[in-house]
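Chemist: Position chain B relative to chain A; hints supplied.
Read off the chains here:
There are 2 protein chains.
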Amino acid sequence: MADIIVHEVGPRDGLQVEKQVVPTEKKLAWIRSLAGAGLDIIQLGSFVNPEKVPQTADTEELFRALAAQPRSKTIFSGLALNERGVERGLACGVRMFCLGVSASETHSRKNTGMGSMDAQRRMIAVAKEAMTAGAEVQMSVQSAFGCGFEGPVPESRVLEIVEAYRAAGCRRISLADTAGHAYPGQVRRLFGEIRDLAADVQCACHFHDTYGLGMANIYAAFEAGAASFETSFAGLGGCPFTKVAAGNVATEDLVHAFQRSGLCRDIDLHGIIAVARDVAAHFGREMPGRVHKTGPVSCS
Amino acid sequence: MADIIVHEVGPRDGLQVEKQVVPTEKKLAWIRSLAGAGLDIIQLGSFVNPEKVPQTADTEELFRALAAQPRSKTIFSGLALNERGVERGLACGVRMFCLGVSASETHSRKNTGMGSMDAQRRMIAVAKEAMTAGAEVQMSVQSAFGCGFEGPVPESRVLEIVEAYRAAGCRRISLADTAGHAYPGQVRRLFGEIRDLAADVQCACHFHDTYGLGMANIYAAFEAGAASFETSFAGLGGCPFTKVAAGNVATEDLVHAFQRSGLCRDIDLHGIIAVARDVAAHFGREMPGRVHKTGPVSCS
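As you go down the protein sequences, you meet chains A and B in turn.
The opening position of the first sequence corresponds to residue 264 in the working numbering, with each subsequent residue numbered one higher.
The opening position of the second sequence corresponds to residue 264 in the working numbering, with each subsequent residue numbered one higher.
Heads up, a few of these hints could be off.
Which copy is meant is left open, so a pair is good if it fits within one copy or across any two.
What the hints assert, rightly or not - The list that follows gives simulated cross-link-like pairs (lysine-lysine, DSSO-like), each with its CA atoms no further than 30 Å apart: (1) K373 with K556; (2) K336 with K556; (3) K556 with K282.
Derived from the structure by calculation, the hints contain no laboratory data.
Chain A with its partners taken away, still in its complex shape (with noise of 0.2 Å):
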């Protein structure tokens, strides 16, 4: 059984909601520890409008902070919105870039202005500057499960957003349940049959917890052939851009889980705990993970 690959979005995904800017040292501190653990990627931050975001502001300094330290075997990924963001990417030295394109209009519109069509256009255009410079692209299809202002997606928009990612040479492909409407019958369908329909494509998911399905679509996920999973530290998480916002999973409530199975052996899980630990205790209030509460599971 192939093992799967954990994609840490807590740096940008998770401390993009908080009122609170973490400073740039303390991020440093989880990234090199999360990464010391051995989780295969970690999003260190966005290269948007600091302005608008200032959580992600020092994106740049964090990249080049980690381009200095002894090697390891953890990826780098840096989220971009545009042209911009990926050559402010590219001159601090990112390798991998998420990109995404909204499957609802109205999320879309709201959160990049254009239509879904034409973000779609824009964004492979981004992706082919990105790829071109020869760095890789994790591209996304946001709210690929539902939209907490419209409602139902269609899932022959979401395969028609993947098949343009393929055409583009795309072979990185994540589904976004932004608003946290998936289920997993439908998980387990919509990934199938992208399955099907391109093979040749990595599968990568991202939930959010907003009903407590979660962890059910993980594994949903899972069982369809998905491989990378995007999850956040303590659980912490929530686009601005929808509804109702609730936490990611949590990395280290997913890496317990699978390693229950088998997999994910080669992640330190006490060392990710410690982290979703200190985030707690930065933020001083509860998380919505429960491994970092509770402890693995042991017997006394």
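Modeler: Just chain B now, kept in the frame of chain A:
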């Protein structure tokens, strides 16, 4: 696709670990609302020593009060630990008893003062007494997926108890994840084995959400053929005789999720959300359930 059975255990499992004893009138209001919303089975309480468990000391009173209600399709169940409990239940008109044995030696001794094999013999005799008197019986295997004291529990011991239940004539069998150790691969395997061994058994499941896997385990059990799901309003609950306690999966979260796949359509989701909100208001603290906080998936 056959519909599932929702077995609400909040009035018993949910309330038994609360320090505060809920007034009988308040319980009756919740139970009447849940029955009115169309839940299949509601566990009203337990026939145990009222001095040890004052939270369920009014169980007889609840059964008597509800026997006088206009008939609904809802079955009211009661938990018993021994002959005396069944006798008390029969005297107040109980038609469905829930009885159980822990597959973990240590948990069995802490919970009942008997080892697992002795408890098995005793509880099968109790079940026969109840069945002879014309009542339905659901037999559960507690700590079926692991024990907070002992760690892993042998599947062979779980299957042995299931076989003994079946040989005694019981056809409703529940596997309870008392400590929350279950993970989906294990759940699917164990329910699959029971289905292969005993196709005439109706399987129930009972998951605690200690490590964040409650809902994922519910889906795994459903896919492996489990028909009945024990959940608690607002996600309340926890066994006092286990090491790390956590609530049950929330009834409203389960119904909300399964309705998205076309199941549980005869349950009034808004009715059970209203009860969960009243439970949360009564205790005045944040509850683990999600959907009573967010409301159902919707669009603006």
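Chemist: My question is about K373 and K556: at a cut-off of 30 Å on alpha-carbon distance, are they close within one copy, between copies, both, or neither?
Modeler: between (36 Å within a copy, 25 Å between copies)
Chemist: If the cutoff is 30 Å on CA atoms, where do K556 and K282 land: within, between, both or neither? Let me know, please.
Modeler: Answer is both; intra-copy 23 Å and inter-copy 22 Å each pass.
Chemist: Since the copies are identical, ignore which copy is meant and state whether K336 and K556 lie within 30 Å (CA to CA) inside a copy, between copies, both or neither.
Modeler: within (28 Å within a copy, 41 Å between copies)
Hint check: no violations occur; every hint is consistent with the structure.
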